[in-house]
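K.L.:
Sequence:
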Amino acid sequence: MQIAIQSQLPGVRRAPRRLRLAALASAMALALACAFDAGAQAAPAATQPAGQQEYVPNVGQDGKDVIWVPTPQTLVDKMLDMAKVTPKDRLMDLGSGDGRTVITAAQRGLTAQGIEYNPDLVELSRRNAERAGVGDRATFVAADLFATDLSKADVITMFLLSTINEKLRPRLLELAPGTRVVSNTFRMGDWEPDAEETVTQDCSTYCTALLWIVPAKVQGKWDVDGQTLQLDQHYQKLSGKLGSVPISDARLNGAEIAFTVNGVRYTGLVNGRTMSGKASGRGSWSARRA
Numbered sequence: 001m002q003i004a005i006q007s008q009l010p011g012v013r014r015a016p017r018r019l020r021l022a023a024l025a026s027a028m029a030l031a032l033a034c035a036f037d038a039g040a041q042a043a044p045a046a047t048q049p050a051g052q053q054e055y056v057p058n059v060g061q062d063g064k065d066v067i068w069v070p071t072p073q074t075l076v077d078k079m080l081d082m083a084k085v086t087p088k089d090r091l092m093d094l095g096s097g098d099g100r101t102v103i104t105a106a107q108r109g110l111t112a113q114g115i116e117y118n119p120d121l122v123e124l125s126r127r128n129a130e131r132a133g134v135g136d137r138a139t140f141v142a143a144d145l146f147a148t149d150l151s152k153a154d155v156i157t158m159f160l161l162s163t164i165n166e167k168l169r170p171r172l173l174e175l176a177p178g179t180r181v182v183s184n185t186f187r188m189g190d191w192e193p194d195a196e197e198t199v200t201q202d203c204s205t206y207c208t209a210l211l212w213i214v215p216a217k218v219q220g221k222w223d224v225d226g227q228t229l230q231l232d233q234h235y236q237k238l239s240g241k242l243g244s245v246p247i248s249d250a251r252l253n254g255a256e257i258a259f260t261v262n263g264v265r266y267t268g269l270v271n272g273r274t275m276s277g278k279a280s281g282r283g284s285w286s287a288r289r290a
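All letters in the sequence shown, in the order written, are residues 1 to 290 by the numbering used here.
Among these hints, one or two may not hold up.
FRET-style restraints, in silico, Cβ to Cβ [as the list claims (entries may be wrong)]: (1) Ser280 / Ser239: 17 to 27 angstroms; (2) Thr267 / Gln53: 55 to 65 angstroms; (3) Phe146 / Pro246: 50 to 60 angstroms; (4) Pro246 / Gln201: 43 to 53 angstroms.
Keeping only pairs whose Cα atoms sit at most 25 angstroms apart, straight-line, the calculated DSS-like set for lysine-lysine is [what the hints assert, rightly or not]: (5) Lys221 / Lys167; (6) Lys237 / Lys167; (7) Lys241 / Lys221; (8) Lys241 / Lys167; (9) Lys221 / Lys152; (10) Lys167 / Lys152; (11) Lys84 / Lys217; (12) Lys278 / Lys217; (13) Lys278 / Lys241; (14) Lys241 / Lys217; (15) Lys237 / Lys221; (16) Lys88 / Lys152; (17) Lys241 / Lys84; (18) Lys278 / Lys237; (19) Lys237 / Lys217; (20) Lys167 / Lys278.
Don't read these hints as lab results, they were simulated from the structure.
Ideal placement from N, C-alpha and C gives every residue a C-beta, glycine not left out.
With the sequences and hints as input, model every part of the structure.
P.N.:
See below:
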């Protein structure tokens with residue numbers, strides 16, 4: 001995975017030189033300390049064509065939208081833990097660099113794909129995956145992350161600047177409710193994360209993982225047993241009224257919805273134009289878009 005420090009996209013300025021140098025210096029230290037899983041290191045090297053030297057990336061090298069700085073392995077593990085990945089998940093890493101996040105996910109049994117603009121890094125990642133014994137589950141594509149279909153991913157990981165995250169945000173919000181998005185360090189504008197954790201072991205910089213869960217779309221009016229439920233939505237946070245009574249403590253967790261009215265806690269699932277669930281002490285409830 002790599003960090004975006006510069007961009008050719010409109011409105012994204014090249015970061016100050018001092019930021020680039022600081023990132024480069026810290027990343028070099030990390031690169032020496034952070035390596036792949038021990039199993040990956042012990043695996044036999046892939047065969048290289050005779051006379052061809054294997055490509056070795058330089059920490060801080062420029063790319064189309066990014067410079068390459070590897071994510072510390074401890075944070076890779078934390079990001080996957082926060083996303084609660086399972087072997088049933090399909091993961092996509094945007095700006096996959098040397099492939100360590102994709103490879104780590106594949107070692108956990110996931111089907112994982114890296115999107116990387118630099119074809120040399122793509123080939124390096126493929127060799128690393130073969131060495132780690134996960135070449136069948138860890139794949140890499142040379143592509144522009146802004147031109148990539150994200151819809152098949154259950155989990156998306158990235159290490160990009162906040163400005164680039166915000167450019168991706170509209171597309172991320174169109175993904176299926178419950179899709180998990182995890183970023184190293186950089187935020188998503190006014191879309192606040194659902195969780196945030198910082199690692200302190202074997203990590204000295206860029207050590208915070210932020211998790212977002214794509215919320216269902218519930219803005220508008222719903223009919224709940226003859227009463228109007230008006231919901232106003234700001235990402236995963238909700239406000240509104242059931243009849244004339246304001247709701248409180250209301251939010252979404254993917255397709256899961258919860259709110260309180262007159263001391264009654266409503267929990268349920270959103271399924272397109274319908275919702276249904278349980279109301280504490282009152283049994284089942286259901287709603288349909290008005």
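K.L.:
Does each hint fit the structure? Answer for all of them.
P.N.:
A quick look at each hint next to the structure:
1. Hint check: Ser280 to Ser239, Cβ distance near 20 angstroms, so the stated range 17 to 27 angstroms holds.
2. Checked against the hint of 55 to 65 angstroms, the pair Thr267 and Gln53 passes, with Cβ atoms roughly 59 angstroms apart.
3. The hinted window of 50 to 60 angstroms between Phe146 and Pro246 is violated, with their beta carbons roughly 40 angstroms apart.
4. Between Pro246 and Gln201 the beta carbon distance is about 45 angstroms. The supplied range of 43 to 53 angstroms therefore holds.
5. With a CA separation close to 29 angstroms, the supplied pair Lys221 and Lys167 exceeds the 25 angstroms bound.
6. A threshold of 25 angstroms between alpha carbons decides the hint, and for Lys237 with Lys167 the separation of about 21 angstroms falls inside it, so the pair holds.
7. With a C-alpha separation of about 10 angstroms, the suggested pairing of Lys241 with Lys221 holds against the 25 angstroms cut-off.
8. Distance restraint check for Lys241 and Lys167: the Cα-Cα separation of roughly 32 angstroms exceeds the 25 angstroms cut-off, and the hinted pair is therefore not satisfied.
9. Restraint check: the Cα-Cα separation between Lys221 and Lys152 comes to about 30 angstroms, which exceeds 25 angstroms; the hinted pair is violated.
10. For the suggested pair Lys167 and Lys152, the alpha carbons sit about 19 angstroms apart, so the restraint of at most 25 angstroms is met.
11. For the given pair, Lys84 sits about 23 angstroms from Lys217 by alpha-carbon distance, which is consistent with the 25 angstroms threshold.
12. The straight-line distance between the Cα atoms of Lys278 and Lys217 is roughly 20 angstroms, inside the 25 angstroms bound, and the hint therefore holds.
13. For the suggested pair Lys278 and Lys241, the alpha carbons sit about 18 angstroms apart, so the restraint of at most 25 angstroms is met.
14. A hinted pair counts as satisfied when its Cα atoms are at most 25 angstroms apart, and Lys241 with Lys217 qualifies at roughly 17 angstroms.
15. Note on Lys237 and Lys221: the hinted pairing holds, with a Cα-Cα distance of about 16 angstroms set against a maximum of 25 angstroms.
16. Between the alpha carbons of Lys88 and Lys152 the distance comes to roughly 12 angstroms, so the proposed pair stays at or under 25 angstroms and holds.
17. A hinted pair counts as satisfied when its Cα atoms are at most 25 angstroms apart, and Lys241 with Lys84 does not qualify at roughly 33 angstroms.
18. For the given pair, Lys278 sits about 20 angstroms from Lys237 by alpha-carbon distance, which is consistent with the 25 angstroms threshold.
19. The suggested pairing of Lys237 with Lys217 holds, with an alpha-carbon distance near 11 angstroms, which does not exceed 25 angstroms.
20. Restraint check for Lys167 and Lys278: not satisfied, since their Cα atoms lie roughly 37 angstroms apart, outside the 25 angstroms limit.
In this structure, the earlier hints numbered 3, 5, 8, 9, 17, 20 are contradicted, and the remaining ones agree with it.
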